[in-house]
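Student: Below are the chains, spelled out letter by letter.
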Amino acid sequence: MIYFDSAATTLQKPPQVAQAVQRAIRTCASVGRGGHPAAMAAAETVYGCREAAAKLFNAEVEQVAFTMNATHGLNIAIRTLVPEGAKVVISGFEHNAVTRPLHALGADITVAGRRLFSPTDTLWAFDEATRVRPAAVICTHVSNVFGYVLPIKEIAALCRSRNIPLIIDAAQSAGVLPVSLRESGARFIAMPGHKGLYGPQGTGILLCADGGEPLLYGGTGSNSEEQDMPEFLPDRLEAGTHNVCGIAGLREGIQFVTRQTTQRIFDHEQALLRHLRRLLRGQAGLELFCGDGQSGVLSFRVRGMDCETAAEKLAQQQIAVRAGLHCAPYAHESAGTLHSGTVRASFSVFNTRREVEQFASACKKLFRP
Amino acid sequence: MDYFFTFRSVTAAMGSSRALEQAGIKNQMVRTPTALRQQGCGYSLRVSEGRLHETKQVLGEAVGRYQKIYRKEADGQWQEVSP
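From first to last, the protein sequence lines are chains B and S. If you want this note's numbering, it's the position in the first sequence, counting the first as 1, plus 140. If you want this note's numbering, it's the position in the second sequence, counting the first as 1, plus 165.
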């Protein structure tokens with residue numbers, strides 16, 4: 141199978157990820173719940189992952205909170221910073237993981253920057269929108285639909301200069317682009333473990349500059365006499381037993397990314413993207429969404445064919461892509477593809493030029509007008 | 166005689182244990198004895214008397230500074246040591 145759906149979940153993982161999961165399920169008990177060797181092994185494993193993440197994302201170890209996924213982290217961040225009905229500014233490329241929690245809070249949402257692959261327009265729109273002093277700015281680093289890399293450094297600088305808390309959705313950038321809690325000055329950065337960090341599904345990280353409000357309340361193995369959740373991180377945001385096996389795998393995934401370096405992974409995916417764009421450009425019947433500052437994600441439409449039908453035809457050729465709205469209706473609305481959706485091909489470090497060529501060849505055969 | 170450095174969380178204790186190891190100071194992470202608990206369960210680092218001063222120096226700079234230091238007396242009583 142050619143797997144081009146890594147923007148949803150990376151399927152191919154470094155072998156040590158599965159090995160770590162297996163080892164953890166045999167040897168690790170619960171973190172912070174005992175002093176016996178199996179509890180200590182769990183504590184060691186989870187701390188090791190925190191340490192690896194802190195190093196990769198330029199944060200302190202205690203600023204790394206484990207979540208179930210990026211959505212979980214974004215919910216914590218939004219619930220911490222956005223009171224009911226408050227003004228917030230978001231980009232025109234946000235995922236439902238951002239917009240649905242805001243909708244549930246009845247937030248007064250301003251959408252800044254809807255022009256695809258135009259960082260200048262995006263930055264200008266954020267500059268205008270943040271003059272009203274919103275409760276928070278929430279911005280994705282990379283559009284999960286189009287691979288548009290938003291000018292997050294400049295948006296972060298703008299937020300710092302206006303003292304507006306920033307939440308970064310790093311779901312598509314963690315492991316591929318530099319992400320730094322310290323340098324960005326963001327209040328929160330949320331990311332999944334199962335995409336560019338090559339960890340198992342059900343893992344995620346929320347980087348917290350300074351505290352946060354829990355979504356879950358319960359046991360933490362600390363301050364047990366108190367009925368309030370601990371004030372300190374990471375315990376405040378980590379009630380209940382950790383996903384130790386998943387975190388064990390995530391640790392290996394992060395170490396893999398650290399060894400490879402995000403730059404090399406990015407360069408590899410860029411090379412694949414450029415190759416695919418060259419091969420598909422000019423093909424009659426295909427509409428590609430391309431631009432400068434695009435990560436390893438390519439959306440396209442097939443004229444006269446529903447995107448789900450196109451993806452199904454590819455699946456019959458053992459090619460995995462994702463079609464539809466990708467849980468990001470705002471992004472599709474911005475690009476004018478809300479009614480049609482798109483077919484999305486997305487890469488990981490394990491994809492090859494040969495796979496890109498096979499994919500392009502299949503597209504030519506299947507989607508000839 | 167051993168000294169116990171208490172911590173607010175397993176993460177803080179683990180980070181401090183790593184910092185001590187890097188400084189070549191042998192230590193053992195244990196559950197905090199009931200008599201030493203501040204607000205419930207927690208973890209401590211046990212170090213030998215000969216490394217007390219160095220331990221304080223290292224942990225003074227480490228992530229997740231300790232809460233308190235205790236010494237167990239010969240009669241089994243705990244004595245808090247000034248940090």
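Honestly, the hints are just simulated from the structure, not real lab data. Note that CB positions come from ideal geometry on N, CA and C, so glycine has one too. Treat the hints with caution; some may be incorrect.
What the hints assert, rightly or not - Cut-off 27 Å, straight-line C-alpha distance, at most; resulting in silico cross-link-like pairs (DSS-like, lysine-lysine):
id, chain 1, residue 1, chain 2, residue 2
1, B, Lys453, B, Lys504
2, B, Lys195, S, Lys237
3, S, Lys221, S, Lys237
4, B, Lys293, B, Lys227
5, S, Lys221, B, Lys195
6, B, Lys293, B, Lys195
Stated by the list, open to error - Derived list of chain B stretches under chain S, where covered just means 3 residues or more per stretch with a C-beta under 8 Å from a C-beta of chain S:
id, segment
7, 216–228
8, 237–245
9, 347–353
10, 432–445
Claimed, not checked - Partial chain S-side listing against chain B, Cβ under 10 Å, derived:
id, residue
11, Arg173
12, Ala188
13, Arg196
14, Leu201
15, Gln203
16, Lys233
17, Tyr235
18, Gln242
19, Trp243
20, Ser247
Student: Confirm or reject each hint.
Tutor: Going down the list of hints, with the structure as the test:
1. Proposed proximity of lysine 453 of chain B and lysine 504 of chain B is supported: the alpha carbons are some 12 Å apart, at most 27 Å.
2. For the proposed pair lysine 195 of chain B and lysine 237 of chain S, the alpha carbon gap of about 37 Å is over 27 Å, so the pair is violated.
3. Among the hinted pairs, lysine 221 of chain S with lysine 237 of chain S is consistent with the structure: their alpha-carbon atoms are about 17 Å apart, no more than 27 Å.
4. Pair hint lysine 293 of chain B plus lysine 227 of chain B holds up; C-alpha atoms about 22 Å apart against a cutoff of 27 Å.
5. Proximity of lysine 221 of chain S to lysine 195 of chain B is assessed by CA-CA distance (about 25 Å); at most 27 Å being required, the pair is judged to hold.
6. For the hint linking lysine 293 of chain B to lysine 195 of chain B, the alpha-carbon distance of about 19 Å falls within 27 Å, and the restraint holds.
7. By the rule of at least three residues with a Cβ nearer than 8 Å to a Cβ of chain S, the coverage given for the segment 216–228 of chain B is violated, with 0 such residues.
8. Beta-carbon proximity to chain S at under 8 Å applies to 0 residues in the segment 237–245 of chain B; the threshold of 3 is not reached and the given coverage is violated.
9. Look at the segment 347–353 of chain B against chain S: 0 of its residues bring a Cβ nearer than 8 Å to a Cβ of that chain, fewer than three, so the hint is violated.
10. Counting residues of the segment 432–445 of chain B whose CB lies closer than 8 Å to any CB of chain S gives 0, which falls below the minimum of 3, so the coverage claim is violated.
11. Hint status for arginine 173 of chain S: holds, given a least beta-carbon distance of 6 Å to chain B, under 10 Å.
12. Restraint check, alanine 188 of chain S versus chain B: the minimum CB separation of about 16 Å is more than 10 Å; hint violated.
13. Contact between arginine 196 of chain S and chain B, as hinted, is supported at the beta carbon level, the nearest pair being about 4 Å apart and thus within 10 Å.
14. Evaluation of the leucine 201 of chain S hint against chain B yields a violated restraint, the C-beta minimum of about 13 Å exceeding 10 Å.
15. The beta carbon of glutamine 203 of chain S comes within 8 Å of a beta carbon in chain B, closer than 10 Å, and the hint placing it at the interface holds.
16. For lysine 233 of chain S, the suggested interface contact is broken, since its CB lies about 15 Å from the closest CB of chain B, more than 10 Å.
17. The interface hint given for tyrosine 235 of chain S is broken, as the beta carbon of that residue sits about 17 Å from the closest beta carbon of chain B, more than 10 Å.
18. Because the smallest distance between the Cβ of glutamine 242 of chain S and any Cβ of chain B comes to about 22 Å, over 10 Å, the interface hint for this residue is violated.
19. Below 10 Å, beta-carbon pairs count as interface contacts, and tryptophan 243 of chain S has none with chain B, the closest being about 18 Å; its hint is therefore violated.
20. Because the smallest distance between the Cβ of serine 247 of chain S and any Cβ of chain B comes to about 23 Å, over 10 Å, the interface hint for this residue is violated.
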